[in-house]
Amino acid sequence: MLPRQEPTILYTQAVPELPEVETIANGVDRRLRGDTIVSAWFSTYKEPFRTPPAEMAESLAGLRIARVYRVGKHIVVDLERARSGHRPSSPNREATPPDAQSQLLVHLGMTGRLLVSAARLPLPPHTHAVLHLASGRELRFVDPRRFGRLALHSVDAGLFTGPGREPLTISTDDFVALFRGRKLSIKAALLNQSLLHGVGNIYADESLFRAKIRPTRRAGRLPRPRLLRLRQALQTVLKSAIRAGGSSVSDYVDADGQAGFFQIQHRVYAREGQPCLVCGTPIRRIVLAGRGTHFCPQCQT
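In short: position in the sequence shown from 1, add 4, done, that's the numbering used here.
Hints listed in this document are in silico derivations from the structure and should not be mistaken for laboratory results. Even glycine gets a Cβ: it sits at the ideal position worked out from N, Cα and C. One or more of the hints may lead you astray.
Each pair of labels, with its calculated beta carbon distance range [what the hints assert, rightly or not]:
| hint | residue 1 | residue 2 | range |
| --- | --- | --- | --- |
| 1 | Arg34 | Ala293 | 34 to 40 Å |
| 2 | Pro279 | His130 | 39 to 45 Å |
| 3 | Glu51 | Gly140 | 28 to 34 Å |
| 4 | Pro167 | Arg124 | 36 to 42 Å |
| 5 | Cys283 | Glu51 | 45 to 51 Å |
| 6 | Gly294 | Gly185 | 35 to 41 Å |
| 7 | Arg149 | Arg124 | 24 to 30 Å |
| 8 | Pro229 | Val159 | 36 to 42 Å |
| 9 | Thr220 | Ser158 | 41 to 47 Å |
Please put together the full structure from these sequences, using the hints given.
Pasting the structure below:
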């Protein structure tokens, strides 16, 4: 009888958004927290690396994975010095472990994937980074188009906080203030990662529909009550998508190889020409801020 092979754990999504990245980060954290990096290998392609590969390889060796979590669309790996008998840190996202050395930042880009595999399994094509772990497993970064990015972030400069505000925790006043005086459309504002990080095309469209706001409306002209309704809709949509494991509109699967299911809750996204689930009006698609944008011309004003 052939020996049972440990299954490869696959994470993938074309242009992942906040719920998909959250699902991926949580899956990696469950599997690798407390494991130690023995050594690291990187490909010769320069595009995926914000930090020189030789510097990363030297810095990562001997560090322990303290926790893995999401900041915006980034997967953040907190790393600490491995010590004999040291217990893995608690999953407290408000503070980094006291002996954290650095953070590994992973952005999947459009085609990036993270795989947790047994070391004996062959490397897939387009593998650009491999962390060899003390458990005998490997964390592999695969990216055919090389739009993803890897970088080391020193905690001496403070924790990585991302380019914008966190949509799941932003206060009502801060949310309203983000859009004050903005001349761009509300759809473009939602996609602006320097304002709210992690929100992408799918969840912007779905949130605007639930808030009954037309995506072409100028952000700075929306009154406070409508912005508060948008904040509530955005947080509801994102939390629902996280519970559903993300949207499998491409080839996204979670840590157990299962597809996300939020796409069955889509009310406008990718439903061009289909009747609105509220009023029956055909869903329209336009290009806004360079992205395909879906909305109901009757329900959204």
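Checked hints:
{"no.": "1", "hint": "Arg34 to Ala293: 34 to 40 Å", "in the structure": "holds, 35 Å"}
{"no.": "2", "hint": "Pro279 to His130: 39 to 45 Å", "in the structure": "holds, 41 Å"}
{"no.": "3", "hint": "Glu51 to Gly140: 28 to 34 Å", "in the structure": "holds, 30 Å"}
{"no.": "4", "hint": "Pro167 to Arg124: 36 to 42 Å", "in the structure": "holds, 39 Å"}
{"no.": "5", "hint": "Cys283 to Glu51: 45 to 51 Å", "in the structure": "holds, 46 Å"}
{"no.": "6", "hint": "Gly294 to Gly185: 35 to 41 Å", "in the structure": "violated, 22 Å"}
{"no.": "7", "hint": "Arg149 to Arg124: 24 to 30 Å", "in the structure": "holds, 28 Å"}
{"no.": "8", "hint": "Pro229 to Val159: 36 to 42 Å", "in the structure": "holds, 41 Å"}
{"no.": "9", "hint": "Thr220 to Ser158: 41 to 47 Å", "in the structure": "holds, 42 Å"}
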